[in-house]
Structures are given as C-alpha cells and as structure tokens.
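Residue numbers (this note's numbering), protein chains in the order written: chain C, -16 to 322; chain X, -16 to 322; chain Y, 12 to 403; chain R, 12 to 403.
Wrong hints could be hidden among the right ones.
Cβ pair distances, simulated, as ranges [unchecked claim]:
1) Y:148 to X:5: 32 to 42 Å
2) X:129 to Y:25: 40 to 50 Å
3) R:279 to C:127: 16 to 26 Å
4) C:-15 to R:33: 29 to 39 Å
5) C:121 to R:283: 51 to 61 Å
6) R:207 to C:-7: 53 to 63 Å
Here are some of the chain C residues that sit facing chain Y, going by a computed Cβ distance under 7 Å [unchecked claim]:
7) 25
8) 95
9) 145
10) 146
11) 168
12) 171
13) 211
14) 212
15) 278
16) 289
17) 303
Because the hints were derived from the structure by calculation, they are not lab data.
Source: prediction; values computed, not measured.
Glycine is no exception: its CB is placed at the ideal position from the N, C-alpha and C atoms.
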Amino acid sequence: MQFAFTEDQLLFRDTVAEFFANECPPEKVRWSWDDAVGRDASTWAALAEMGVIGLTVPEAFGGMGMNEIDLLPILTEAGRYAYPAPLVETVAVVAPLLTESAPAAIAEKWLPGIADGSVIATVQLDDQPFVNDMHIANLLIAQRGDQLFAIPAEHVRSTPQVSVDGARRLFSIEWDEADAELVVSGEAALQAANRAFDRGAAATAAQLIGLSEQMIAMTVAYVVDRKQFGVPIGSFQAVKHHLADAELKVSFARPAVWAAAYGLANGSADVDREVSMAKCFASDAAEVVARKALQNHGAIGYTTEHDLHFWLKRSWALASSWGDAAWHRRRVAHLLLDA
Amino acid sequence: MQFAFTEDQLLFRDTVAEFFANECPPEKVRWSWDDAVGRDASTWAALAEMGVIGLTVPEAFGGMGMNEIDLLPILTEAGRYAYPAPLVETVAVVAPLLTESAPAAIAEKWLPGIADGSVIATVQLDDQPFVNDMHIANLLIAQRGDQLFAIPAEHVRSTPQVSVDGARRLFSIEWDEADAELVVSGEAALQAANRAFDRGAAATAAQLIGLSEQMIAMTVAYVVDRKQFGVPIGSFQAVKHHLADAELKVSFARPAVWAAAYGLANGSADVDREVSMAKCFASDAAEVVARKALQNHGAIGYTTEHDLHFWLKRSWALASSWGDAAWHRRRVAHLLLDA
Amino acid sequence: MDLTFTPAEEAFRAEAREWLEANVPVGLPSGDTAEGFALHVEWEKKLFEARWSVVSWPEEFGGRGASLWEWLIFEEEYYRVGGPQRVTQNGIFLLAPTIFEFGTDEQKERFLPRMAAADDLWCQGWSEPDAGSDLAGIKSRAARDDERGGWVINGQKTWTTRGAFCNWVFGLFRTDPEAARHSGMTYLLVPLDAPGVTVRGVERLDGDEGFAEVFFDDVFVSDDLVLGGVNEGWGVAMATASSERGLTLRSPGRFCAAADRLVDLWKRQAAAGEYPERIDSLRSDVAQSWMEAEAYRLATLVDVTGLVKGVSQGARSSLTKIYWSELDVKLNETALRLLGPAAELIETSPDAVDGGAWMKGFEFALSGPIYAGTNEIQRNVVAERVLGLPRK
Amino acid sequence: MDLTFTPAEEAFRAEAREWLEANVPVGLPSGDTAEGFALHVEWEKKLFEARWSVVSWPEEFGGRGASLWEWLIFEEEYYRVGGPQRVTQNGIFLLAPTIFEFGTDEQKERFLPRMAAADDLWCQGWSEPDAGSDLAGIKSRAARDDERGGWVINGQKTWTTRGAFCNWVFGLFRTDPEAARHSGMTYLLVPLDAPGVTVRGVERLDGDEGFAEVFFDDVFVSDDLVLGGVNEGWGVAMATASSERGLTLRSPGRFCAAADRLVDLWKRQAAAGEYPERIDSLRSDVAQSWMEAEAYRLATLVDVTGLVKGVSQGARSSLTKIYWSELDVKLNETALRLLGPAAELIETSPDAVDGGAWMKGFEFALSGPIYAGTNEIQRNVVAERVLGLPRK
C-alpha cells in the first residue's frame, strides 16, 4: 500500500511545473484571451520535446508509454497555471483510445504525430455538444452511437462558440462519414467511448485540483497583504473560515482524483464509480473555492485587470465539462443503488 | 395592503404569551417528559376559558369563530414555549374540518365540547403513520382513502410509540369502521383531507417559527454571557455569523408562514403552494437554527440538564411532521412545473 | 392582514402595465458599455417623458407622488415585461433619497428634475484603493478654499460603477484630517467634467467596462455642492448606504421576474426533451429558487407595511441585503446547472441559450455579496445590531 | 502508487474477519449507561483475550505489533461486522499514544497492559466549567506536597465522557499558578477511587448518562502519576489532542460501514415500495454521503502513507477532525430524511427502524463538531497553521 507518487513522478512534475512557471505565466493566459488563435505552438512543441504530449503514447510509436497516474500530476500543474491547450483531449483521451481501440493502420498513422507534437487531437463523444480546440486540431475522434471515427481536421466544418473563459476555444461541428475512418464499432466502441469519457472526466478533475490550489494560494497571498480596519483582512475569523472551507474541499477531493487515476491505470472493476466520484468532488471543490476566492478578493477580483478571473472562469467551464457534479453524483447513485 | 396583525390579534397574542410564560415554563416541559401522561388538564382548561381552544369553532357552537390568521400568533407562542398539547390537531385541524365538512349531527355532537375544552381531538390522515396524543383524546378524525371518519377514542386501539421529543406522545392505531361515524366521503372528503393537511402543515410551521425564535434568544443570551479566551464568545465573528445565518433563515420563513395562514383564511387559489412554501421554509429554518443553537452552546447544550434540548428535539420532530421540507419542496415543484 | 390592492392601486397597475408592454425595449445590450449606456439613457428619457422614471417622487420633481405600494407595483410590472436594469439607479435610488432628506431646496430643484430626466447621470464615489469594506478609511481630501467659497479635492475613488459614462459623482471626502475616523468627512457632489477630474474605465468580470477609477487633482467644488453639513458626511452617507442595502435598490419585482424566467427555462428545457435526467433532478432547486424570490417579495410586504406606518427597517436592512444578494447568485446558478455544458456560452456565442443571459446574470450576481458592504460586514451588523452581540 | 495489500496483510485481514464474525456481539445496548457499560467491558475483555483489543501495540503490552496498515484493516473489519464503538477508546486511542511518547518505562508497564485488558477504564479530564474551547483557561490546581512526594488536587472537571463508569482519569492541572496561560500545567493520572474524588453523572442529549462532572477535594496523587515533566503538561496534552482530532480516534472503517448501512437502508426502503418519491429524491444524497465516507478512507490512505514514512499530519489533523465530524452528521441526517415521519422514533419505540439507531447516531454525531476543540477552533487552526493567515 502506497498512496503517493514516486520520486520520479514528482521530479517530472516539478520539471513541468517549472516549465509552466516560465512559459505560461498569467500574461500568457491573458494573451490567449486576446489573440485570435490563442494557442502557442512553441510551448506545445517544447512539451512534446519533454515527453509530456507523448506521455500516454506507447514507446513503439515514439511516446513514453506511461499511464494515467503518471499523467495526473502533470495535468494538475496545467490546471494550476491555467495552461490553455488541449492536453486533456490529445494526451489524456485520444492517445490512449487509439492505442487501445484503433486498428494498427490508424494507430500508426496518428500516434507518432501525437508523440512528436505534430498532431493535435480533439474529441467529441455523444452528449458532448461542443469540441475543444478544433481550430488547431489535426485530428478529430468522434462518436456516433456505437461507432467511433477518426476524421482529419480538414473534413470537419466548425462554428466557433464563445465561452465565458476567453482562453477556451469551443466549436460546434459537422462532418460526413464519407470523410471518416472507422476506429471501432459495436459493444467495443461503446466501451471505448465510456473509457474515453472516464479519462476525460478524470483528467479534467486533475486540472480542477490545480486550479483550486492556485485560487487558494492567490487568495491567501491577497488577504495576508490587504489591510482594512488597520489589520490584514486575513486576520478576520470570517475570512479564515472561508479559506479553511476551501482548503477542506480540496483536501478531500484530491485523494479521490488520485484514486480515479489509479483505477484507470489498473483496470479497476469500479472505475466508473471512482472517476465519477473524482469529478464530482473536484467540480464541487472548484466551485466552492472560486466563490470563496472572489468573495475574499472583493472588488479587485471582480475586474479583468486582476488575474483571478482567468482561474474563476476556467473553473466554471471545467466544472461543467465532462459531466458536472450533479451528473456524476447521479452516476454514482446508479452504480451504488441499482446494482 | 396590510401585511401585519391587527392590534387585537397582537393583544390576544400577548395575553396568551404571558399565560404560557407563567403556566408553561421549561420546568413544565421537563415534567411533561417525565410524567406518564405528560398533559396538564388545567392548562388546557384555562386556554379553553381564554377562548384559545375554541378559537376556530363557530360562535354558534360556543367558539370564537376566528380564522387561521387569528390562530397563527397563538401557535407561534405555543412553539416558543414548547407547550406540550395537541393544539394543532384539535384547534387548527379538527375543529375547522368538522365545521366545514361534517353533517350537522356530528358537528353538534363534538364542536361545543372542543370549544369548552371538554373534548380533545386528534387526527390521522393517509400517509401519516402516527397519531399525536391519542392517550388523552376523546375524538379521532381519521382518513381512509376517500372517506373521513369520526371515531370516539374508546373505540381506538393504540400502541405507544416513543419520540426523541419525550414530551410528544405518538401512537400507532387501529379501529373498525363499525365503531366510526362517516364525516364525509368522495371528492369532498379528499378535498377536506387536503385542506386538513394544509392546516396541519401551516400550524406546525407557525410553531416552528416560535421554536426557532426561542432557540435564537436562548443562544444569544448564552453567548453574551459565556466567556472563553477572556471575552464573551458572542464577540467572535464565527459565532456572530452563525447567529446571523439563523436569524436570516427565520426572518424570511416568517412572512411565508403568515402568507400561508392568509391563504387558508381567504381561500386562496394557490393555498397548497403557499402552505408548502411555509412548511418548507419553517422546517429548513428550524433545522438550521437548532444546529447553530447547539453548536454555540457547546457541551452544556448537549446535556439534558440544560433546557435547550427540549427545543432542539421538538424542532426535529415538527420539522419532519406534516411533510418535511423536501416533501413540500417537491409539492411546490409539482405545482409550479407541471401546470 | 390584507394582501389585496385597492382599486386605485390596481388602476395604477393597469396603466403602468399597458404603457410598459407597449414601450419596454426588447434586447437592449448591456448598459455597462459605452454604446449600451447611450441606448439605455435614451430608454430612460422615454420613461421620464411618460412620467414613469421616478414614480414615487413628488410631481414637481418629475414623479407621480406614488405610494410605496404603487412603487412596488410599478417595479413588479417593469420587470415582469422584461424592463432592463436602470442605469440611473445610483442616482434615483441612492442619491435622491439622500437629497430628499438632507438637501437644500435649491439642491432639490437643481438636481432632482435633471436626475429624473436622465439629463444628469450619477455615479457613486465611495471606495478608495485602501478603503473598501472599511469605508471610514477613506483618504481623499477636500481642503477649504475660503477665497473661492468652496473645496479643493485631491485623491482617488475606485470601483465607481458606470463612472466612465456618467457626468456627476457623489461621495465622501475628508475635510478635517485631524478628526477621528468616522468624523471630519463631508458628502460632496462633483461634476465629472470639472477641471482636474480624470476618469479611467475598468473592465468588470463580465467584460463590460462597468467600473471606473476617478482621480481628483485640485478639483474645485463650490459650497452649494456640499450635501448635508460640513464634516457631517458620515451620517449622510449612512443614509445612502441604508438605501443601498434595503429595498429601494432591489425591489422584489426583479427577482420574482427572474424566478419566473427560471421556471420558464425549466419548462422549455423539459419540453425539448434533451437530458431529461438533468432537467428532472433540478426540479427541487428550481422550486427552491422560485420560493426564495417569493419569500423576498413577502418579506418586503411586511417591511413596507412597517415603513408606511413609519417603522424603519434599521439594521434589519442588512438581513435584506444578505438575502437578495445570495438569492440572486443561487437563482442564476440553478439556471446554469439546467444548461449543463452549454452554461459556459456567453452572449456572442451562436448556441447560447437566452443570449447568454444566465451566465451574465450569474457574473453580475457575484458582485452582490461584495458591494454595498460585504456580506461578512452585514452579518456582523445583524449579529451586533439586530441580535445584540458584543462588538468586541 | 499501489492500493493493494500484501499477502501478509490480507492474511491478517482474514484472521481478524474470521474471529470478529464469530465473536462480535449483536445488539449490545449503548455503552454509555451503567448496565451497557458493563456489557461492553465484558466484550472488550474478550477482544483482549484474543489479542484484538490493541492490535497496533507491541506484544509485550497486549498487542500484536501490527502496522498502521494492519490497524486500518482491523478497524475496517471490526466495523464492517457491526462491532460497537469502543468504550475503552479514550484510554487506548488517546492516553496510550501519549504514554508511549512521554511515559516512563514503569508507567508503560503499570498502565498499558491493564488498559489493553479493560481492567483499568480511563476517561479524559480536560474541560472545566470555564475552560472548554479555551483549554488554557483551566483552573483546577495541583499543589506540591513534598512531604508525601506528590500533588494535592482541588478543582473540577466537566463533560468527562463515561466518567461515571471509569476508574481512572487523565487530565491537566495547574501546578504553577504564577506561570503564563499555556505554562505551569502538569498532566496527571488520577485514580477515581482516591479519597476526595466525587463523580456525578450528567445525562447527555440522547438520554444516556454519558457525561460526568468530577470534583477534586484535596485529592493526593503521588509523583509517579505525573506524565511527562512537571509544568510541561501543555505540550503533553497537545499530543493527546492531536490523536483526538486525527485518525486514531476515527478510523475510516466506522464511517465506511455506516455509509454502507445507509446504502442498505435506502435499498430496503426502496424495496418496501412505500413513499417512492421520498426514496427516489434522496438518491443523490445517499450517494454523496457514501462518497464522503469513501473520500475520508482515501485521504486516510494518503495520511498513513505519509505517517509510515515519518511525515506527521501536523495541523492538517484539524482538517481531518472537521471532515469526519461533519460527515458523521450528514450521514445520519440523510438516513433520517429517508425515514420521514418515522425518523423521530427512538430505540424504545416498537416501530423504530433499525432500533432507532439513526436518531441515536445523529444525536451522537452532533457532539462531533463540538468536542475535541470546536470546529470553529479547528477552522482557525487550518487558516493559521495550514494556510499561514495571521493570528491577529
């Protein structure tokens, strides 16, 4: 029994965290809001160089052949720095899906590109109305009922949608089966889609943990510094209790997210329940933390001149993506009660 | 437009409040826990003398011929003093039911006795598993599907049940239709039962407001007096905010309870919704207030030597009687959304 | 107890409804951008021309001398037909009651009619960079200038809502730097086109330029722009703040209309038949939000019954402020949960439901627990001044 | 990361499960009444005889030298089969770790085996009438008696859980009245049958005589009953308090078992087919409670992984205490909502579901946010010592 990351995993995480600290400071997030494309190819390339983008791609295709546990700390850091790029879609969802479910020809066609950073992949499962980052993607994996298809981006017609998080890029899309390659169909496709959904949800939960930790850190720094009535506002009991509640939420969501990654990596029989619990707790935590962070910042946090709002809005968006807390709570209820 | 009680109503309330202050101090509630019967006939008789018991009985039968609005402040005081007796059943529910729905013979038989205090009535509607105060009642009004019956108490077989509130007396009962008189049947009976349920719920909500106000008052007195760390604990911001939250809950439940009484008295088309909103808010408020009251009393409130627990337990019991908050919220949802 | 309106009041309602239904503009953009603001001012001028802009004011100042009950009725009707939030609200709901209470006759005549007509557009100048919740911590100074018969202001105000679009600001300035924290302040009315005033717009959470910083650099204001007594500004400001917390700024009409829209959204989503489980699981939350708005309406009826008899809300206005601000958040949050993954779409997004109004409403609502004194401060006030807990 | 147990650990589990399934008593009454307590002591003696009473202690003191992992396994199995809360818990989980850390060899030999065997039954003597949350405010004094080589105690302790049934109390006493608030206290072990001790039982919320007041009137205790150094009691007590907040007192096994019983209750209620709407509407609440218990188990696995490596929880144990105490309330509350109008029935009521265990559990749970330092104090600790906010 060892519910912790290895030294190697933590070292890799620290390296990536340092990279984000340098390459994805808040100004970069702000740029991503303002820029028409809002995606920085060089950062993606550097992450590919570091092995992050190919982390889940098998070594045979030039990747690291690592699993969801290895990926988790990386995604948490990506959340912490509000890194605007389709890591969840490409690394957490599509690469494992192609690895597990695609015929050799399709896997060989796309996985090496993912690993070396030249292929950006995104995904749309049933019930997901929008696709992330279609504007920079080369590959779309999409579900239609009990079939999963691979569609080269040039065959996808997309309409931009606008998120409250200006750094996100959402699209509604259309495509024709004539332009698509069948990846897998039937029961196997439904299972693959379910597994893909679980991976997306768990990866998003990991990002929400990082986002939440960062919002707490920003708020602590602010309330220690900000004085009213002649004292730091962080000395008021109401402020203390707000922040203690925030810390409480994150502290008990975090192990649930770890357990989901562990369940995915080890083919747990209860993986659906483990993932739903993770996303439920991480979404709830992020929403509470975001509220407390804004309330304790007061008016300064209510301006877009301050950086806090990047984290608030990313939290809102991710909390309701890949199933919101209520959706996942219902799924757990179903698994517990209707068995 | 005048959303307030009249001077007369307030005067009557003050008289009754003074009566309870003298005749139903906490020691009387404690006695009611310990005594086998736990009901004080002389207090009931005095209330009948004052007109409280016959408040809703028509003047023709010796009552006051008043309505739900007149009754509301009285029930609130009964809640405030945790008065242990079937006021809701006899005064709020059965007397109006017999007045509105019973054939003359039945009304003439029972209503004068209710008004003069010699008849204590209780009630069981469908879905209510237990009956209050069967041990002292003379009359039971009971629903069986689309029929309402009047059963003299001697024909009711009862088994005592034990409530967490030791001053309550609950019974599961059995009775035979051969011993019962039919009060009303068919659609009219269903309507009468629904109206009776609304009256019981609104009356219980009124008691919950009084209970809540009293728990706040007790807690305020305690935290002003109790010192820790060299200061009254009421000076800590966490304690202040607990109590502010409690006051907030009661302040916005109270007008909803008034509106329910008004709706009942004036035959509002939306009376079901108005009553359910009242009971939902009053139950939620009482539960929150009880939690805050106990938490701010600390260990002293956790003993039965202190009086607080009488109020806590009455609140818990009444919050889940005549429909709990969730039940009434669902009813409002149905009325709002399925129309 | 009587929850019916008089025939005269019902006639007032009918008249208001008829006019509003015919005239309330549809799909006005946010009033917190320069372009939107201009359109809103146009609408408010129309309101004024039909004498609906300040119904509760005396006729001589542009109102109808309506009772508080009639004012409530007007607000209900205004929001029921989808009337937009008033960009003049900080003038008509906050400054105006203060002018009625503390202003000279000359000030009333000079300011009120132009305010009613949306000719003058007023913003608040309370907060400063180091004085937010701690309003008594303000540092902006107004120094006496006997020669010119007035005051010379230096300093800075911040979080001035719609400051970038208004032409007047009211606020507190320190006129006796030696006085204790809550003394030595004066309530001044300052034209924003006065020499030495600089206004810088600040973008709000929702992307609108709704805030402004206002800088004062040797700005002269004459004595006739002092509201209430010199060095007595704190007491005057508290009257304004009480209006801000209490019912004038937030009539139940707005929340009840929003709650009805939420019910309508639920029904539309249910009728569309998508995600039935999500829709179904939110039944109780929708009902709860609707009831909370209704409870606010009922509590207001109690308060107004008291006010009509001359019983002021006093510190209980802090309960009101906590309640409406948290209700507003919850109501919009419930709508966003109904929308699921579409919740994040905003106004400019083609697939946004109801034009992104719910996310906009949510973002706007989040300011409620912060401004007009944070809800933490309000809870202190409730505990200390309603319940009597010790200050220290 | 590895969430599997070793074969040796699984063998330990199998052995524990087999013994517990064969021996755990069914339907034991509450251990917080005189009669119930005697039955519980009997059970705990049986546990001891099979060497299951203190599995994590060294064998020489009556344990099995089990690892923390094995201890968690034992607790899981103990509560899974419905084992009752331990009436010896304040000894074995709170005092014992303190004796292991601060006790002399003689004290260990004298007290630990008898504690493991339930021969000595220990209660805590922390709170006093004027020192609850403010533990440093205690006034009970122990005056030096050089002649007899010991201390003479005068004063009063209160809220002493199961004090009316125990024969020893441990607690803090002021030995240097001149010292500052957190100094000058000594941690003493006091036999309750010593001359001058009076114990008065106090009835708890749930009707059991679970509390006691303990009065000390010139009670002599000899020097060998000082735990840790004279005047160093505060530091020793803090070690005990940390055990009380942290995982030893509240292993996840208990909450996970309760959560499983809640799921089972839901299924039984659903199968009964009555009130289907109520049952259905509580699906998400049941799932939430179950997940919260599971999250507590997972968080404990993280903590134990750290503890095994020598990383102490430190102030984060306050997070743990807030979490389990609020989880316990919510879990029982959810069960009560499932029961609807039958929720109020208690043990002695013929129609009580599960023998009234849920109301009893709710009442017991309500003490959680109060004792061992109120959750308000714990939130201060989290803010100040985990997050680094300023004390003043």
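Here is what the structure says about each hint:
| no. | hint | verdict |
| --- | --- | --- |
| 1 | Y:148 to X:5: 32 to 42 Å | violated, 52 Å |
| 2 | X:129 to Y:25: 40 to 50 Å | holds, 43 Å |
| 3 | R:279 to C:127: 16 to 26 Å | violated, 42 Å |
| 4 | C:-15 to R:33: 29 to 39 Å | holds, 32 Å |
| 5 | C:121 to R:283: 51 to 61 Å | holds, 57 Å |
| 6 | R:207 to C:-7: 53 to 63 Å | holds, 58 Å |
| 7 | 25 | violated, 28 Å |
| 8 | 95 | violated, 32 Å |
| 9 | 145 | holds, 4 Å |
| 10 | 146 | holds, 5 Å |
| 11 | 168 | violated, 25 Å |
| 12 | 171 | violated, 26 Å |
| 13 | 211 | holds, 4 Å |
| 14 | 212 | holds, 5 Å |
| 15 | 278 | holds, 6 Å |
| 16 | 289 | violated, 10 Å |
| 17 | 303 | holds, 5 Å |
When the structure is compared with the earlier hints, violations turn up for hints 1, 3, 7, 8, 11, 12 and 16 and for no others.
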